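Make a model of the complete structure from these sequences and hints.
Each chain is listed here by its residues.
Number of protein chains: 2
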Amino acid sequence: MGVAERRERERQETRQRILDAARELFVREGYEAVSMRRIAERIEYSAPAIYHHFRDKEALITELCLHDFRALAAVFLRIGRVDDPVERIRRIGMAYVEFGLEHPSQYRFMFMAEGRPAEPQVPDDMKGNPEQDAYAFLRLAVREAIEQERFRPELADAELISQMLWAAVHGIVSLHIVHHPKEDWIEWRAARATAQAMIDVTTRGLLRAG
Amino acid sequence: MGVAERRERERQETRQRILDAARELFVREGYEAVSMRRIAERIEYSAPAIYHHFRDKEALITELCLHDFRALAAVFLRIGRVDDPVERIRRIGMAYVEFGLEHPSQYRFMFMAEGRPAEPQVPDDMKGNPEQDAYAFLRLAVREAIEQERFRPELADAELISQMLWAAVHGIVSLHIVHHPKEDWIEWRAARATAQAMIDVTTRGLLRAG
DNA sequence: GCGCTAGCTTAACGGCGTTAAGCCAACGGA
DNA sequence: TCCGTTGGCTTAACGCCGTTAAGCTAGCGC
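Chains as they are written, first to last, in my numbering: chain F, -9 to 200; chain S, -9 to 200.
The set of hints was computed from the structure by calculation and includes no laboratory data.
A quick note: this is a predicted structure, and the numbers were derived from the prediction, not measured.
Some hints here could point you the wrong way.
Note that identical chains are pooled: a pair holds if it fits in a single copy or bridges any two copies.
[Said to hold, decoys possible] Here are the simulated SDA-like cross-link-like pairs (lysine to any residue), alpha carbons at most 25 Å apart as the crow flies:
1) K117 x A49
2) K117 x E134
3) K117 x R179
4) K47 x W175
5) K117 x V168
6) K47 x S25
7) K117 x R68
8) K47 x H170
9) K47 x D58
10) K47 x E22
11) K47 x E0
12) K117 x D174
13) K47 x V168
14) K47 x Y21
15) K117 x I176
16) K117 x V72
So this is what it looks like as structure tokens:
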């Protein structure tokens, strides 16, 4: 029964070639360049052929995003298991900003996508698993900081604080992605400098005095 | 020569009807519902007719956004001339979040628009004028806080701090607009509660100790 | 009364996501 | 060895999109 395996393997290879083509397309040519026809052209298929491998365009994009979600979580893991949860939070913040600025097209799809009627169907083993879920990784650090009584006592909701911290860095990344610094009426400061200030200010605002 | 005036007036009226139709369309049916054909249908014109009044779709949207920028600045003005610049910053933050959550479709066009190859061509009298430019209004408050030595001494760049504060609230609004709280694997906290925490934390982080 | 022009029309182009229908090579069973 | 089935692709097409080209006409100034 080597035939079934070979067929399945070829199917997965084609599927992967579609994903690779899509990724290369929007990494190199940006957000709007990704269309089913352009993807198909790159792998020398017809556009409808893609529908034999993905339900629709959203499913394809979702799969790319899931890969990038894992990549982001991997970046977080790579910053190491810093013992001090507050220092870990600071590094998570900078790593997040770095990721967003380095991969603006992916970032758009991941966190700024406009038309998502259905949910991305995140696999269950990913949710809440700090090794694959970047948000869970942040939340874990926040929980530890709360448990160690590093934050002011009224700041006890790990979920809310995690979302606040995420929003803080997301705000910087997304603002800089859409309002590209050139020729605007605002004197834009460097995103990384603003991010550093944000992280300094928020951690200081969270911590107990003294 | 009443004819020229009448023609000009009629032209402006048609122009305004186009703008009104576009606004109503994306306020009531959302972001993606705004197309030249849908707009034209609403005012019982053909789609190409719009091009006699606007260079292209982007110019039309830009004009809508400029109106909303002024509306946002007006909201800021309406929160009153609070003497304490720090308290004013706090209220600006909450007003901003309120504006974004109340008008998500406009907010998308204003601060999350994806394809803007050319610049929005902001009129010169708007730039930097706190009465029409919301960013300038925020920056003014930040400048006053710095001048009154309310912030920690190393925080002296009004531009950077303004952008940081803007990013903080923008992060909350934009995150809640794309990741609509329902059916997601994250236990979303209410946007206003998160915003309140954000404002508390950032102002506390900015202020001098004691 | 006539020519010009402003303001609209219809037709069309090339793009998009997606669906329908059909073709064909490769397979499993007889 | 032949045959029916099936999987994986094709082309054609639908209805949407922004935009351009060409043309029609009402109303203006002369």
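Now for the hints, and whether the structure bears them out:
1. Only within a single protomer do K117 and A49 lie at most 25 Å apart by alpha-carbon distance; the minimum there is 18 Å, versus 42 Å between protomers.
2. For a Cα distance limit of 25 Å, the shortest separation of K117 from E134 inside one copy, 19 Å, qualifies, whereas the shortest one across copies, 45 Å, does not.
3. For the homomeric pair K117 and R179, the shortest alpha-carbon distance between copies (17 Å) is at most 25 Å, but the shortest distance inside one copy (35 Å) is not.
4. For the identical chains of this complex, K47 and W175 are inter-copy neighbours only, at 22 Å across copies versus 36 Å inside a copy, given an alpha-carbon limit of 25 Å.
5. Only between protomers do K117 and V168 lie at most 25 Å apart by alpha-carbon distance; the minimum there is 19 Å, versus 29 Å within a single protomer.
6. Proximity of K47 and S25 under a CA criterion of 25 Å is satisfied in both settings, with 8 Å inside one chain copy and 21 Å between copies.
7. Taking CA atoms no more than 25 Å apart as the test, K117 paired with R68 passes inside one copy only; the shortest distance there is 19 Å, against 43 Å between copies.
8. In the homo-oligomer, the alpha carbons of K47 and H170 lie at most 25 Å apart only across protomers (20 Å), although the nearest pairing inside one protomer, at 27 Å, exceeds that limit.
9. In this assembly of identical chains, K47 and D58 lie within 25 Å of each other by CA distance solely inside one copy; the values are 17 Å within and 33 Å between copies.
10. In this assembly of identical chains, the alpha carbons of K47 and E22 lie at most 25 Å apart whether taken from the same copy (13 Å) or from different copies (16 Å).
11. For the identical chains of this complex, K47 and E0 are intra-copy neighbours only, at 21 Å inside a copy versus 44 Å across copies, given an alpha-carbon limit of 25 Å.
12. Proximity of K117 to D174 under the C-alpha cut-off of 25 Å is restricted to the inter-copy arrangement: shortest distance 10 Å between copies versus 39 Å within a copy.
13. Proximity of K47 to V168 under the C-alpha cut-off of 25 Å is found in both arrangements, the shortest distances being 23 Å within a copy and 18 Å between copies.
14. Taking CA atoms no more than 25 Å apart as the test, K47 paired with Y21 passes in both settings, with 14 Å inside one copy and 19 Å between copies.
15. Only between protomers do K117 and I176 lie at most 25 Å apart by alpha-carbon distance; the minimum there is 9 Å, versus 39 Å within a single protomer.
16. Only within a single protomer do K117 and V72 lie at most 25 Å apart by alpha-carbon distance; the minimum there is 22 Å, versus 45 Å between protomers.
When the structure is compared with the earlier hints, no violation turns up for any of them.
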